[in-house]
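Enquirer: Now for the letters of each chain:
2 protein chains.
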Amino acid sequence: MNKMKIHDISYPISPNMPVWPGDPPVVVERVSSMEAGAGVNISRISCGVHIGTHVDAPLHFLRDGERVQNLDLHILVGDAVVLEIPSDVSLITAEVIRKAGLAAGTERVLFKTSNQERWKLAPEFQTDFVGISPDGAQYLVDMGVKLVGVDYLSVAPFNNSREPHEIFLKAHLILLEGVYLNKITPGNYMLCCLPLKLIDSEGSPCRAILMELG
Amino acid sequence: MNKMKIHDISYPISPNMPVWPGDPPVVVERVSSMEAGAGVNISRISCGVHIGTHVDAPLHFLRDGERVQNLDLHILVGDAVVLEIPSDVSLITAEVIRKAGLAAGTERVLFKTSNQERWKLAPEFQTDFVGISPDGAQYLVDMGVKLVGVDYLSVAPFNNSREPHEIFLKAHLILLEGVYLNKITPGNYMLCCLPLKLIDSEGSPCRAILMELG
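Protein sequences appear in the order of chains D and C.
When you line the first sequence up against the working numbering, it's residues 1 to 214, in that order.
When you line the second sequence up against the working numbering, it's residues 1001 to 1214, in that order.
Source of the hints: derived by calculation from the structure; they are not laboratory data.
Where a beta carbon is used, it is the ideal one built from N, C-alpha and C, also for glycine.
Errors might be hidden in some of the hints.
Just some of the chain D residues that point at chain C, by a computed CB distance under 7 angstroms [as the list claims (entries may be wrong)]: (1) 60; (2) 61; (3) 102; (4) 192.
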């Protein structure tokens, strides 16, 4: 492996991050503290699994869907394209994706949208984020895409969550939500997004990176 | 990126995993359940950050040490060697490492030991696991290694935890603990271990993989 450049596209996990309305709160706390006289520092985390940068497994919306521990690492890792969506687009439709120039054979696509401005309003959760319409979801499925990434907390708009999720998850696409693309130039990368190996969960927070191979 | 083979070396996260004595319990629970009539499944996780496959940051043992969110991704990702340690070895000393044949210039090394048998005794935590002695730790620092991986829950033996940790962490090595190497053939790989981007934590669970590039 030659020298490579690595870009972190993960949103920081802390009590100050925006979370989906009704989700469990994010707690990161010291349960053993050297400042308080303990020999070591030890922290505990408590959170919902759909926080920040995370993946959805089919079980999230499908009663008998696959668990997150079974998602294919060969889809979670590999060539990816970051596509820029114009800042005046509020819904990613099939037409928007066509105009953005999704190439045939693309297996992983991340959409960079005006959502990057919404992260700046943290910790308040923004309901007007840009998501993918049902026909946009179907277009990506028909194009043979295997992983779809979005830059806020859901692939689907706030007021129409179910249909796009179901279209994607029934077709076994992996959904990577909450990537932080503010500093990323659109183009081609190697994506590596690794959810925790949580057993019996429908999703997991993950660290996600984009690599430029030398 | 050509075709590659990916090996998962992460231990499953569940209430049935062995945890360090005194650490917070591992909880993975459904807080919204389709079986119970909800529209979606949503899970919550609660755990200490030093469970299963995880990384230690210097703050774990050093009062002013670096936080996990600042660990260098260029160390967490890159060429690595898996070195086999004979099954009759109970402590990884400098001499053991020399005999195992650590090559000059190695930046990331994972030790495969008899600990693989100890995982089979889960959920009970095993105190007699194989760890690295202080002189072994110093040898690895002197060799210029930047990341050390071990196949049970600590780099250091149960009865001498502090000294090896301090030697490693003062030298800014990244410690990858709890890797699951049972199915891994010793040799050369590309390692990718990605801790969560937890803010102000001294460690994090992570997903870790070994890749064979085509």
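Enquirer: Quick check on the hint: residue 61/D CB to chain C CB, less than 7 angstroms?
Expert: Holds, about 6 angstroms.
Enquirer: Checking hints one by one. Is residue 60/D an interface residue toward chain C, by the C-beta closer than 7 angstroms rule?
Expert: Hint holds; residue 60/D Cβ to chain C Cβ min 6 angstroms, cut 7 angstroms.
Enquirer: Given residue 102/D was flagged as interface, is its beta-carbon under 7 angstroms from a beta-carbon of chain C?
Expert: Constraint on residue 102/D not satisfied, violated at 19 angstroms.
Enquirer: With a cut-off of 7 angstroms on the beta carbons, see whether residue 192/D makes it to chain C.
Expert: Holds - the Cβ of residue 192/D comes within 7 angstroms of chain C, reaching about 6 angstroms at its closest.
Violated hint for the displayed structure: number 3, the only one.
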